[in-house]
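Colleague: The chain contents come next:
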Amino acid sequence: MCIRIRLCLCVLLAAGFISVWQMGYAETIFIFNPEARVSEVGKVKKRFADYLEAKDIHSDIYVFARPADFQISVDRLNPDFAVIASYYYASMKSRFSWNAVLSGHYRGKKEFRKVLVTFKSVSDPVQLKGKSLAAVSLSTSIDSQLSAGLTTQMFRLVSVSKDIDAIMALGFKQVQAAIVTDGSFKKMKVINPDVAENLHILQKLPPTPYPMVAVFPNAAADPFVSALKDMRYKGPTKQVLRFFGITGFTE
Amino acid sequence: MRIRYIFFIALTCLLGSLPVFAGEKYGFVKSKGLRQADEIIQGFTGSFPGASVSVLDMGGRKDEGRVRRFIRSERPSVIICLGSLAAKTVLIVEKEIPVIFAMVINYKKYDLLRQKNVTGVSMEIPAMSLFTQFRMFMPEIRSIGAPYHPRVSSEIVREAAETAKRMGIRLTKIEISDSRDMKRYLRKNQSSFRGLWMLADTRLYNRKTRAIHDLISFSKETKKPLLAFSEAFLRSGAFFSVSIDYRSLGSQIALISRQIAEDRTPVSRIPVAPPIGTYTVINKEAAESLMGKDLDESILDEADKIWPE
Chain A
1 MCIRIRLCLC VLLAAGFISV WQMGYAETIF IFNPEARVSE VGKVKKRFAD YLEAKDIHSD
61 IYVFARPADF QISVDRLNPD FAVIASYYYA SMKSRFSWNA VLSGHYRGKK EFRKVLVTFK
121 SVSDPVQLKG KSLAAVSLST SIDSQLSAGL TTQMFRLVSV SKDIDAIMAL GFKQVQAAIV
181 TDGSFKKMKV INPDVAENLH ILQKLPPTPY PMVAVFPNAA ADPFVSALKD MRYKGPTKQV
241 LRFFGITGFT E
Chain B
1 MRIRYIFFIA LTCLLGSLPV FAGEKYGFVK SKGLRQADEI IQGFTGSFPG ASVSVLDMGG
61 RKDEGRVRRF IRSERPSVII CLGSLAAKTV LIVEKEIPVI FAMVINYKKY DLLRQKNVTG
121 VSMEIPAMSL FTQFRMFMPE IRSIGAPYHP RVSSEIVREA AETAKRMGIR LTKIEISDSR
181 DMKRYLRKNQ SSFRGLWMLA DTRLYNRKTR AIHDLISFSK ETKKPLLAFS EAFLRSGAFF
241 SVSIDYRSLG SQIALISRQI AEDRTPVSRI PVAPPIGTYT VINKEAAESL MGKDLDESIL
301 DEADKIWPE
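Chains as they are written, first to last, in the numbering used here: chain A, 1 to 251; chain B, 1 to 309.
For reference, chain A alone in the conformation it holds in the complex:
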């Protein structure tokens, strides 16, 4: 065979191999955010993957509902990135050798603050022991928000999808406490003072950062991190950001 033809064949073979290798390679992204709006998980995953694809990033996205599943899957799937609740980042960063590269923000604010709302007759959190509490999240996430001396083990947790439901649950006396944002409680005082007048803020909880983006060891941050920074709170990516309760990612 002519040397030129052989060379062409080699080049074609190499090009084919590279393209097949690239097609097969995908960034593995793990998501764990107990405060997320869980009702649209399938659509959010697709929108996120489509956005990354448009940036030439192939991705395998996994959304976890329980920290135990997340931890088991890290060993099995060897992920590249994680988009996680800030409390989870803080508790697991050493174990996974995470490097935090981005943090979420809501209209420029990097932290949110929640309050513990109860009936006015409750003056001490100890009175809530064994009682029910409504909140938008899992107990593990709430534990990180509670003040010293309080744990979710003290309560029976009722999970709702938004703050207004948590306050209304209290208003209907279905629960004895609610954890909501300060802003939601202030808004309730305006839109339904009849409900709010029997309630008060028993405790202001410590500020909590919005979800974070972390890189696993041996993964290259770019172009994934740049793509996340460019994500805008409009169009198809709005639904993805809403899922995390943020309006964008920043360094």
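Hints are computed from structural coordinates only; laboratory data are not their basis. Where hints are given, some of them may not hold.
[Unchecked claim] Some chain A residues judged to face chain B by a derived CB distance under 8 Å, without partners named:
1. S159
2. V160
3. K187
4. V190
[Said to hold, decoys possible] Here are a few chain A residues that sit away from chain B, every Cβ distance over 10 Å (derived from the structure):
5. R6
6. V115
7. F119
8. S121
9. S123
10. F185
11. N192
12. N198
13. I201
14. P207
15. A219
16. D222
Ideal Cβ placement from N, Cα and C applies to all residues, glycine included.
The hints should help you fit chain B onto chain A, whose structure is shown.
Modeller: For chain B alone, coordinates are given in the frame of chain A:
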């Protein structure tokens, strides 16, 4: 011998002091395999990790023998019935074990649900919750029109009017006995309300009538925002919808189950509760049309979902 006796007594005391709920079982009976029923079970187990749960799917068939065998083999401490078929069948065969019902529309019409071993969560979202959400999106709303059929919704509308009054909202009750009169009555009363509330009134709104179309077209023509009971009406132009969030419902049922099984609260002392979790969808196009330049996009963040996606 004495040591053995003391050991036996001590062991008995120890076992007696263990929580009585250690081996509680929760039996779900589903009328059929609906997605909503599965979401309820997910919400239940999410809020009550470690709960021992077994599920019977009746597949839409009333089979008392199957339900009886399920109860006999699983011996649940609490039976949770999802749907009216499940509730009716279970309550025919079971009179002692506590029963919690959910997903039963208009539960008051079922005499069986008045048994002393029964409590539940209704399917009717309280008017207080609906009007609060109306104000969340449109804080300036002070009057709401509610078309209703007197044979179906009189009681709901009367109670809602009292709730509205406490919130400083005037509820205009628009009684319509013939669905063909929808637009005429809306026009007649239009100066007395700023927004509209579409009740789940089966006599007014069904496949045989044009009342849905008339209500939505009136809402669009007069720019009066419409609160609907289902997301399905957003496509035609309703402003927002509020329906039940089934995961939250599962979480609420878990709470009631624990009151019964762990706290030993008698079922007769647990009244039927309203659903506390809602699923709210807002129509962005309608919001833009209604508010124009004044639309504050942050109000959209209050909803569970923005339509169109």
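Colleague: A separate judgement is required for each hint: does it hold in the structure or not?
Modeller: Quick rundown of the hints versus the structure:
1. Checking S159 (chain A) against chain B by beta carbon gives a least distance of about 4 Å; that is within 8 Å, so the hint holds.
2. For V160 (chain A), the suggested interface contact is upheld, since its CB lies about 5 Å from the closest CB of chain B, less than 8 Å.
3. The restraint placing K187 (chain A) at the interface with chain B holds, with a minimum CB-CB distance near 7 Å, inside the 8 Å limit.
4. Contact between V190 (chain A) and chain B, as hinted, is supported at the beta carbon level, the nearest pair being about 7 Å apart and thus within 8 Å.
5. The claim that R6 (chain A) lies off the interface holds: its Cβ sits roughly 54 Å from the closest Cβ of chain B, which is beyond the 10 Å cut-off.
6. The non-interface label for V115 (chain A) is consistent with chain B: the shortest C-beta to C-beta separation is roughly 17 Å, beyond 10 Å.
7. Listed as outside the interface, F119 (chain A) is consistent with that label: its C-beta sits roughly 16 Å from the nearest C-beta of chain B, beyond the 10 Å cut-off.
8. No beta-carbon of chain B is positioned within 10 Å of the beta-carbon of S121 (chain A); the least distance is around 20 Å.
9. The beta carbon of S123 (chain A) sits about 24 Å from the closest Cβ of chain B, which is more than 10 Å, so the claim that it is off the interface holds.
10. At the 10 Å boundary, the C-beta of F185 (chain A) stays outside the reach of chain B, the nearest C-beta of that chain being 13 Å off.
11. Here N192 (chain A) does not stay apart from chain B, with its beta-carbon only about 5 Å from theirs, under the 10 Å limit.
12. Here N198 (chain A) stays apart from chain B, with its beta-carbon at least about 12 Å from theirs, past the 10 Å limit.
13. With a cut of 10 Å on Cβ distances, I201 (chain A) stays outside the contact zone with chain B, its closest approach being about 19 Å.
14. Here P207 (chain A) stays apart from chain B, with its beta-carbon at least about 19 Å from theirs, past the 10 Å limit.
15. Every beta carbon of chain B lies more than 10 Å from that of A219 (chain A), the smallest distance being close to 31 Å; the non-interface claim holds.
16. For D222 (chain A), the requirement that its beta carbon stay farther than 10 Å from each beta carbon of chain B is met, with the minimum near 29 Å.
Checked against the numbered hints given earlier, the structure breaks only hint 11 and satisfies all the rest.
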